[in-house]
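Given chain A, put chain B in place with the hints provided.
Number of protein chains: 2
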Amino acid sequence: MAEKYQKFRELTGEIFDLDAVVSVLGWDQQTYMPPGGAQVRAMHIATVSRLWHEKLTGDEYSAALEAAREETADLDPDSDEVRVVRYMQREVDKWIKVPSEWVNEFKRVTTLAHQAWEEARAQDDFAHFQPLLEEIVKLRRQYVEYFAPYDHPYDPLLNYFEPGMKTSEVKSVFDELRPRQVELVQEITERGLPVDDAVLHQDFEESKQWDFGVEVIKALGYDFERGRQDKAAHPFTTSFGIGDVRITTRFDPKYLGTALFGTIHEGGHAMYGQGMSPSLDRTNLIDGASYGIHESQSRMMENLVGRSRPFWIAFYPRLQEYFPSQLGELDLETFYRAINKVKPSLIRVEADEATYNLHIMLRFEIEIALAENKISVADLPEVWNSKMQEYLGLTPPNDAKGVLQDVHWSSGYIGYFATYSLGNLMASQFWAKMEEDIPDLTNQIERAQFAEMLSWLRENIHQHGAKFEPMELLQRVTGNTLSVEPYLRYLRAKYEDIYKLA
Amino acid sequence: MAEKYQKFRELTGEIFDLDAVVSVLGWDQQTYMPPGGAQVRAMHIATVSRLWHEKLTGDEYSAALEAAREETADLDPDSDEVRVVRYMQREVDKWIKVPSEWVNEFKRVTTLAHQAWEEARAQDDFAHFQPLLEEIVKLRRQYVEYFAPYDHPYDPLLNYFEPGMKTSEVKSVFDELRPRQVELVQEITERGLPVDDAVLHQDFEESKQWDFGVEVIKALGYDFERGRQDKAAHPFTTSFGIGDVRITTRFDPKYLGTALFGTIHEGGHAMYGQGMSPSLDRTNLIDGASYGIHESQSRMMENLVGRSRPFWIAFYPRLQEYFPSQLGELDLETFYRAINKVKPSLIRVEADEATYNLHIMLRFEIEIALAENKISVADLPEVWNSKMQEYLGLTPPNDAKGVLQDVHWSSGYIGYFATYSLGNLMASQFWAKMEEDIPDLTNQIERAQFAEMLSWLRENIHQHGAKFEPMELLQRVTGNTLSVEPYLRYLRAKYEDIYKLA
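Chains as they are written, first to last, in the numbering used here: chain A, 224 to 725; chain B, 224 to 725.
Quick caveat, the hints were computed from the structure, so don't treat them as lab data.
Please read all numbers here as calculations on a predicted model, not as lab measurements.
Among these hints, one or two may not hold up.
Which copy is meant is left open, so a pair is good if it fits within one copy or across any two.
Cut-off 20 Å, straight-line C-alpha distance, at most; resulting in silico cross-link-like pairs (SDA-like, lysine to any residue) [to be verified]:
1. Lys394 <-> Glu588
2. Lys624 <-> Glu328
3. Lys230 <-> Arg292
4. Lys278 <-> Gly236
5. Lys441 <-> Pro257
6. Lys230 <-> Asn327
7. Lys441 <-> Tyr255
8. Lys389 <-> Ile721
9. Lys566 <-> Arg451
10. Lys278 <-> Asn327
11. Lys230 <-> His351
12. Lys597 <-> Ala339
13. Lys230 <-> Glu328
14. Lys454 <-> Glu556
15. Lys477 <-> Ala716
16. Lys441 <-> Glu556
17. Lys441 <-> Gly387
18. Lys454 <-> Pro257
19. Lys278 <-> Asp242
20. Lys624 <-> Pro257
Excised from the complex, chain A in its bound form (with noise of 0.2 Å):
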């Protein structure tokens, strides 16, 4: 009984041990990989994605997938069956448009781009990286091609990591809330209560801001017998099955922000690919069901719970601990108002929250223009430069802490960003489910009591990993479509509060 859809199973095993195994190699590459092994590697996963193309494009999987479609075609249609074969389908159909060869030449490409890249930001170097990131932008405009007809060029690009996601229906997200997102930043810059965050610019010995982010994601839940935490020129999660969902984070001693939020943050991807159905392992829905999913998870924890008065309640005091001469004078709300800070800053990852969005449109506006041929690999750092000025009143002092601070485009990930704020706004919507389904909710995190907040995204976004499209999650959990109002009305409602607006 359900013989061909179990072959077809065995054959899908397959194709996602060869994703994991890429994955693997490249987690190696960016933690602990010496540099004379970059040439080398960009062949090992070059070879091995190509097997994975030939593998989930060819006649044998095909075939599996038919007879497997038409073995379970009377199930349930939410049952992990009909849904497998379903996904699965969608990746044929999708890359059976793509030849081998060019994932082949993608692979090796930004494999050795993401080296150049690590150079290129440590030297502040644009040119050291851009030969590199023309090739990208070239390979990704022939993607692009290969899903012609499209409405917009940058559709392709978009649906790799949002999919079912238009260009325009970003943009008129955007554009609503754009407008709210920079009047909710000018009325806090005019007149607010001035915050300072000088106390989180200090001294912080490395090994106990480790210490102390392992005990924080401990606390909300990740496993670290399925998991492990290391240092990356960028935070990453990656994810090899359910057993094996590793972490990465970076230090400023200097700051205490960029390790703990980061630490937060991957920790809520982490959780995610931790939480998925046993049912599910060894196929591709071990994933999250859109990036922007995958965001609203971590920005969920990074920022909803990471950089929350309930949350700081309960671990300020051990924060304290750690850092007696830094924070043992320091009042809890004086340090939660630092944490919250909003001014312009430079950074994407370090900015706040009512600033970030404006981060991500940026820089979906130069991948438009990039797609669009408007704009070439050559002018980035003046598009960059200029549009900082314009959306932030910022102009970068080099590159390195301009159009190189992001990993995204190394690894050819023209298309992710947009995913950042879809996951704000899906967060925000989540949270407000959570809220009415666990009422206790503010008390159990003011006690660091996870335990019932975990379960409920076990229950109703981990468990699913990619067996629903991301809208279809959304509007299961929610009931609603995607929407920026609760994320504005959180937004309004903390900051409201923190700079005494009302």
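Using the frame of chain A, we list chain B on its own:
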């Protein structure tokens, strides 16, 4: 021109990549993988290994190999081209006898077995490892049958590690070696000047042990730009290409020898890997000529260099600076004698040079009995202990210090151990030749100058990788066949001096 050879090299490169990827997965498993990752990692490794096998033994590769063979038939028989073709032909001939399903299952079981072995050793619980070891032995007996007819059922196992070597040959070498080795040990214990090594058994801070070991292998020539060191339950070296050759080590905070000589041993392996010719990169010839040749390089560094008086003339003052309270008052000669103390002991990797081969002979006999189906896995603890009594006059206090001490069987490495002794013999043969070619060698070592030594090793051994068969390489370098004489001569001279036997 040479178009068919190029096509063959491309396909060979893919096969190499898959092999290297399995090594990366294995490295991660033994260094950083969280416990929860073991189950799915076994599947990752099994899948990639099976694909590797399918590629290697598939029609496409055989055709490319044949075409390349024809195209290169008139080239110099010692050219890379001819040798790469010949080597890969041997690989195909060997692996085509083994079904892909066996490879898949063997890799899956050994990956799981590694974790079980680690746990069993830590908890001194052989029964925890036994079921998986039984599966491994069963799989290895199956493997042997794929190579029927054979002179001896151990031949295919031995050949896996030492191509071309017969069980009967190893037996006859061991028969020659055993009485003279035992005689030397008896002489030493009966009439040697007593040696005290208590000074090595003190508290040695791990981080300082780490730093000194790194300083030593850097001086010897290990390149950290193309490698790195991590900790593992059992030290090993692994190569993903000549640009990425990694070592691992382990520490005993109460015994200096474990990490120090382990690090130098693995450094010897790794310098071999780093010294191979770029012209062979991304072929399976980026490997030792055999495990025996590989061990000749590691055992040479560990013993002929690392336990020699000239070496410690150079490094002992530095070691004293690392550990002033432990060694500050101790003179060089007493230290040199301590690190060469001969005493029958339980742990192979910590054995002195005089008794080391006895540990190997014990394992060799047990493996032969397993291959001949004369003992079962359940018998192993008892057989081990009785042979320890016979060979070394000791009975292990527990299995952790007995049958569970080595990682090899958990990896399916049945047939490996003899290569350590072959390595000991060949190390002395190579060394004798190197001393002829570099008359100043001892003086150079006393001054910590290893450049000429490393050049000689690269020129004569390292660069060739697996281009020549092991006995062919030995003959080319030394002009001689395998012999016990240089080794026994070296050993006797060394111990006559240390123990004042003469």
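Status of the hints after comparison with the structure:
no.: 1; hint: Lys394 <-> Glu588; in the structure: within (9 Å within a copy, 74 Å between copies)
no.: 2; hint: Lys624 <-> Glu328; in the structure: neither (29 Å within a copy, 50 Å between copies)
no.: 3; hint: Lys230 <-> Arg292; in the structure: within (12 Å within a copy, 39 Å between copies)
no.: 4; hint: Lys278 <-> Gly236; in the structure: both (11 Å within a copy, 19 Å between copies)
no.: 5; hint: Lys441 <-> Pro257; in the structure: between (30 Å within a copy, 15 Å between copies)
no.: 6; hint: Lys230 <-> Asn327; in the structure: between (27 Å within a copy, 17 Å between copies)
no.: 7; hint: Lys441 <-> Tyr255; in the structure: between (24 Å within a copy, 18 Å between copies)
no.: 8; hint: Lys389 <-> Ile721; in the structure: neither (36 Å within a copy, 80 Å between copies)
no.: 9; hint: Lys566 <-> Arg451; in the structure: neither (33 Å within a copy, 42 Å between copies)
no.: 10; hint: Lys278 <-> Asn327; in the structure: both (13 Å within a copy, 17 Å between copies)
no.: 11; hint: Lys230 <-> His351; in the structure: neither (48 Å within a copy, 32 Å between copies)
no.: 12; hint: Lys597 <-> Ala339; in the structure: neither (25 Å within a copy, 58 Å between copies)
no.: 13; hint: Lys230 <-> Glu328; in the structure: between (31 Å within a copy, 17 Å between copies)
no.: 14; hint: Lys454 <-> Glu556; in the structure: neither (31 Å within a copy, 44 Å between copies)
no.: 15; hint: Lys477 <-> Ala716; in the structure: neither (31 Å within a copy, 60 Å between copies)
no.: 16; hint: Lys441 <-> Glu556; in the structure: neither (25 Å within a copy, 52 Å between copies)
no.: 17; hint: Lys441 <-> Gly387; in the structure: neither (34 Å within a copy, 54 Å between copies)
no.: 18; hint: Lys454 <-> Pro257; in the structure: both (14 Å within a copy, 16 Å between copies)
no.: 19; hint: Lys278 <-> Asp242; in the structure: both (11 Å within a copy, 18 Å between copies)
no.: 20; hint: Lys624 <-> Pro257; in the structure: neither (25 Å within a copy, 34 Å between copies)
Of the numbered hints listed earlier, those contradicted by the structure are 2, 8, 9, 11, 12, 14, 15, 16, 17, 20.
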